[in-house]
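Oh and the sequence shown: position 126 is 126 in my numbering, straight run, nothing missing.
Calculated directly from the structure, the hints in this document are not laboratory data.
Take the hints with a grain of salt, since some may be wrong.
[Said to hold, decoys possible] With a Cα cut of at most 25 Å, we get these calculated BS3-like pairs of lysine-lysine: (1) 388 x 446; (2) 371 x 414; (3) 446 x 501; (4) 282 x 501; (5) 148 x 121; (6) 515 x 529; (7) 388 x 371; (8) 487 x 259; (9) 450 x 487; (10) 542 x 259; (11) 404 x 259; (12) 294 x 254; (13) 156 x 54; (14) 487 x 501; (15) 54 x 282; (16) 446 x 414; (17) 549 x 501; (18) 259 x 282; (19) 149 x 160; (20) 313 x 294; (21) 146 x 156; (22) 542 x 282; (23) 501 x 529; (24) 348 x 371; (25) 450 x 511; (26) 121 x 156; (27) 487 x 515; (28) 148 x 160; (29) 313 x 156; (30) 371 x 450; (31) 64 x 160; (32) 259 x 308; (33) 371 x 317; (34) 282 x 446; (35) 317 x 121; (36) 160 x 146; (37) 64 x 156.
[Claimed, not checked] Derived CB-CB ranges, DEER-like: (38) 334 x 148: 35 to 45 Å; (39) 309 x 263: 50 to 60 Å; (40) 487 x 290: 28 to 38 Å.
Backbone N, C-alpha and C define an ideal beta-carbon position, used for all residues, glycine too.
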Amino acid sequence: MLTEDLLQIYADSFRINWDLPALSQYGEGTTLTYGDLARRIARTHLFFKECGIKPGQKVALLGKNTVRWIVTYMATLTYGAVVVPILPDFNPIDAQHIINHSDSVILFVSDQIWENLDFEKMPGVKFAISIDTSEVLAEMPAVAGKAKKAMGSLSKKFSKLYPLGYTAIDVHYNFFQADSLAEINYTSGTTGFSKGVMLTLNNLCGNVVFGVRSQLHFRGSRALSFLPLAHAYGCAFDMLVPLAVGTHVTVFGKLPSPKLLVKALGEVRPNLILCVPLVLEKVYRSQILPIISKPSIRRMLAVPFLRKTVYSKICRKLTEAFGGEFSQVIVGGAPLNPEVEQFLHRIKFHFTVGFGMTECGPLISFTPWDKFIVGSSGRTLPGIMFSKVESDNEAFIPGEICVKGENVMRGYYKNPEATAAVLDSDGWLHTGDMGTISDAGTIFIKGRCKTMILSANGQNIYPEEIEAKLNNMPYVAESLVVQRGHKLVALIYPDYEAMDKVGLSHEMMPKVMEKVREEVNRVVAPYEKIDEIQLRASEFEKTPKRSIKRFLYN
């Protein structure tokens, strides 16, 4: 166990940074200081108490990224209750299942999502509260009126409790054991229904302590939060770490389209950026690829001196597009396309790729941009996590990556069978990822164990590597490589928008894709060659995390 107390970290941060800006909602102009945040947390604590909510009980949180969402999360955490953050992309039936399965007794929900929920089908929920307005939306008949009464008298009781006003010296959170349950985060797993990952205070603290020690965020720095906060990656590094050190977090609640995101980045100018690969890949394909594909630029890139100049200009342009004042862009949540990764490294763009999973809240490995090795997923967190590969030679022969340490979950909520399948008796978590680990602890991921294909001659094929090459080809929007009989088949959803832009008729698609197949087959190993391409008329079905549900297509 770590010696640091997570809730004490926040009590100290709120007191020390009392007058500094803490939270802003992008485009709305209102900013909460750390003092305002602490005050709102204290009011929520009083509301919990008046409603009879006890530490250890479950509080579900369902809505898009907002300042109010963060206040509710932090209030639940510091009260000693268990946060159940639910991605707003879950359909109503799945969301209700999660609320019921988690044994949540109170639900904070956005008004828009509430319209599609059925309170009667959530029998364990005593109160439903609007995140947007704090209005009591519904109450269980047995406690009818209790929440409304508590909400109605909250200001009066709060003033009576703090007659001189709530000040920095009033910030104090009760002590809870480090192994106390802090959060149940439901995965959007691609192999079936979600599992509730039980994260303890110590698990969250491991991520926060690493972020603080690494100075990813710092007092007075700026952050733009656009990743889903209900997902472990955004929750830890766009919220928990920044609020532990005095960072000003601007919450971007809109759907992060490239155009809107670039505008917001230019206005906020964050000092650290967290993103998923899709963001960088879209920028690369829309802004960089058209430039470096021009014949004149290709000729310049063939000359070493001119190449350096071109790369420098592209790097400056890309850096400015992301706000111009960041120390590094941290990519996580999925593998970064190798072609994009290699190009960004060549132009000396400040980026790095980490490795994590919800079951580790999420971080497993990380290396700062100036020490990052292309093709890797960073180094196992020193002093916090340990890693190994189940193979005869973990540095050269791929095997399943296993990890243990401070960040590893307690298990899956009410699912001992699923827990036993991934957590062994020695505390090693089997990640389900195939890869190698260097002597220095640097992790190199090949693909998922369950997606690995065994060729007819016994070779291991990692479909993700072939898909990365396919997805970089013109007119390919997304792809999935599967085995059908003894054939390797690429299922492709074409980029019809790109075709329309250049005047290519859809009838030409089979010929275009045959050329794609030939191009990819020239750069893969003989046993990885694609035998057939099958076109799709619609996008692949995805999880709320935007991962393709592979199990539907195998």
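Going down the list of hints, with the structure as the test:
| no. | hint | result |
| --- | --- | --- |
| 1 | 388 x 446 | holds, 15 Å |
| 2 | 371 x 414 | violated, 41 Å |
| 3 | 446 x 501 | violated, 35 Å |
| 4 | 282 x 501 | holds, 16 Å |
| 5 | 148 x 121 | holds, 21 Å |
| 6 | 515 x 529 | holds, 13 Å |
| 7 | 388 x 371 | holds, 21 Å |
| 8 | 487 x 259 | violated, 41 Å |
| 9 | 450 x 487 | holds, 18 Å |
| 10 | 542 x 259 | holds, 23 Å |
| 11 | 404 x 259 | violated, 40 Å |
| 12 | 294 x 254 | violated, 34 Å |
| 13 | 156 x 54 | holds, 22 Å |
| 14 | 487 x 501 | violated, 33 Å |
| 15 | 54 x 282 | violated, 46 Å |
| 16 | 446 x 414 | violated, 32 Å |
| 17 | 549 x 501 | violated, 29 Å |
| 18 | 259 x 282 | holds, 11 Å |
| 19 | 149 x 160 | holds, 16 Å |
| 20 | 313 x 294 | holds, 15 Å |
| 21 | 146 x 156 | holds, 16 Å |
| 22 | 542 x 282 | holds, 18 Å |
| 23 | 501 x 529 | violated, 30 Å |
| 24 | 348 x 371 | holds, 12 Å |
| 25 | 450 x 511 | violated, 32 Å |
| 26 | 121 x 156 | violated, 34 Å |
| 27 | 487 x 515 | holds, 18 Å |
| 28 | 148 x 160 | holds, 19 Å |
| 29 | 313 x 156 | violated, 60 Å |
| 30 | 371 x 450 | violated, 31 Å |
| 31 | 64 x 160 | violated, 34 Å |
| 32 | 259 x 308 | violated, 28 Å |
| 33 | 371 x 317 | holds, 23 Å |
| 34 | 282 x 446 | holds, 23 Å |
| 35 | 317 x 121 | violated, 52 Å |
| 36 | 160 x 146 | holds, 20 Å |
| 37 | 64 x 156 | violated, 30 Å |
| 38 | 334 x 148: 35 to 45 Å | holds, 44 Å |
| 39 | 309 x 263: 50 to 60 Å | violated, 29 Å |
| 40 | 487 x 290: 28 to 38 Å | holds, 35 Å |
Checked against the numbered hints above, the structure violates hints 2, 3, 8, 11, 12, 14, 15, 16, 17, 23, 25, 26, 29, 30, 31, 32, 35, 37 and 39; every other hint is satisfied.
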